[in-house]
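Student: Kindly generate the complete structure, drawing on both the sequences and the hints.
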Amino acid sequence: MHEGAINGHSQRKVWLWVFAGFLFQTIPAAIRDEALPVALKNAGLTNHTITQTVSLLGFIVALKIFWAPVLTLWGRTRTTIVIFQTAITALLFSLAYFISPSDYSTLAIALTLALLSLCSAAYDFLLDGYYVSSLNDKQRANHSGLLSFSSKLGQVLAGPGVIWLAGHALTSSHSINNAWSISLNVAAIITLIVGGLMVFGFKHEAIEPPKLSTPRQTLSEIFSSLSDLVRDKRTPALIGLIIFYRLSEVHLIRIVPLFSLDSHTHGGLELNNEQYAVMRLTTAILGLAIGGLIGSWIISKRGLERSILPLGFTMHLPLIGVTWLAFNPVQSIVTVSSIFLVEYIAFGAGICALILAMMQVAKGAHAAVRYALLSTIAILSVYIPGLWAGSLSDQLGYPKYFILTLFLAIPGLISAYIAQEKLKVR
66 MHEGAINGHS QRKVWLWVFA GFLFQTIPAA IRDEALPVAL KNAGLTNHTI
116 TQTVSLLGFI VALKIFWAPV LTLWGRTRTT IVIFQTAITA LLFSLAYFIS
166 PSDYSTLAIA LTLALLSLCS AAYDFLLDGY YVSSLNDKQR ANHSGLLSFS
216 SKLGQVLAGP GVIWLAGHAL TSSHSINNAW SISLNVAAII TLIVGGLMVF
266 GFKHEAIEPP KLSTPRQTLS EIFSSLSDLV RDKRTPALIG LIIFYRLSEV
316 HLIRIVPLFS LDSHTHGGLE LNNEQYAVMR LTTAILGLAI GGLIGSWIIS
366 KRGLERSILP LGFTMHLPLI GVTWLAFNPV QSIVTVSSIF LVEYIAFGAG
416 ICALILAMMQ VAKGAHAAVR YALLSTIAIL SVYIPGLWAG SLSDQLGYPK
466 YFILTLFLAI PGLISAYIAQ EKLKVR
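In my numbering, each residue's number is its place in the sequence shown (first place is 1) plus 65.
Think of the hints as simulated: they come from the structure by calculation, not from any bench. By construction, the Cβ of each residue, glycine as well, lies at the ideal position given by its N, Cα and C atoms. Only true hints are included.
Taking lysine-lysine and the DSSO-like style, the derived pairs with C-alpha atoms no more than 27 Å apart in a straight line are: (1) K366 with K78; (2) K366 with K298; (3) K78 with K268; (4) K428 with K366; (5) K428 with K298; (6) K203 with K366; (7) K487 with K366.
Quick list of the computed label-pair ranges, beta carbon to beta carbon: (8) I398 with S289: 52 to 60 Å; (9) L471 with I254: 39 to 47 Å; (10) V395 with S167: 35 to 43 Å; (11) N393 with K268: 52 to 60 Å; (12) N393 with W453: 22 to 30 Å; (13) N337 with V264: 36 to 44 Å.
Tutor: As structure tokens, then:
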């Protein structure tokens, strides 16, 4: 990415393209991971079916590692990022259109969701790679809090925000189809605005030099770089961190939306769409903003290696509160919101360490592809549990399921301890 040439540009607005780029990045993911499960829950599907559907779409995102090298052959990375932004916006408008009629086509919706996942995977790969390769270690650390905040803000706006709009439309006598169509159109408009901010931020970057190597040379360099990553002494510990560090959180986030919407009779919190969305909007924006800034500040002061274990321990503590809530679901919205707020703060701080650890190991030649390989493992570690999470929660009930998530924190802390020692080795 010719870091020296880019870093020498005096008029950069890194904060702008980091904010807009990573906010945009999480919108398709939030629609897939949070809005879609609620829509399917509204339609009366079981937890098992819902979590499996979301996981299958997540696996499509993981396919990026197989076609990511092809994207590197195009020399204008920023131009390609904008192209995929445009495609994602168009697909969101299309999805809203296909959902609106009462006799909607399931095939058209499924294909649109699949294409949306493919395009968002390409966008993720390109943006992550540009962030890793165009910024040095200090710049990445300095912007990690903003990255975390903007990512979670996009997730919250496109998750709870879309859910709230759909719920509000339902109370205004709209049909389920029209309610969700309206909210998706609004999400698409947001991507259009954020994409414009991204283009403005990119205009202040240095001109990208043309690629001088041939496609064969580029692919050879990529595979050589991936081979170096595999042989890196830090890689096994990092993979362990990717898989286990947030294992308990992964199981938690797959079920929390369904737990929140389920009735007290079924052990849930019995929130409607609007209540759930408002709670998530207020607690997630504030919690993740605070958590991201705290995590970034701690890492900048203590260093990454000395921060992974303390942040990991802090990240898992709020699971106790969520588990208590599963045993005592009849609570005021203030109590529920307070527990989720603390959980978001801790998660926002802890996830900073994982992201920076991945970027630290991925940096170097063809950082984008190296990071794509690591992020593919991360994606699989998030979506594979969805294949059984819904069925498990149906069989165990919410209290026992959340107790299980507490025990899953143990391998997470072990992986953090190992990683903080191994990441010191070069």
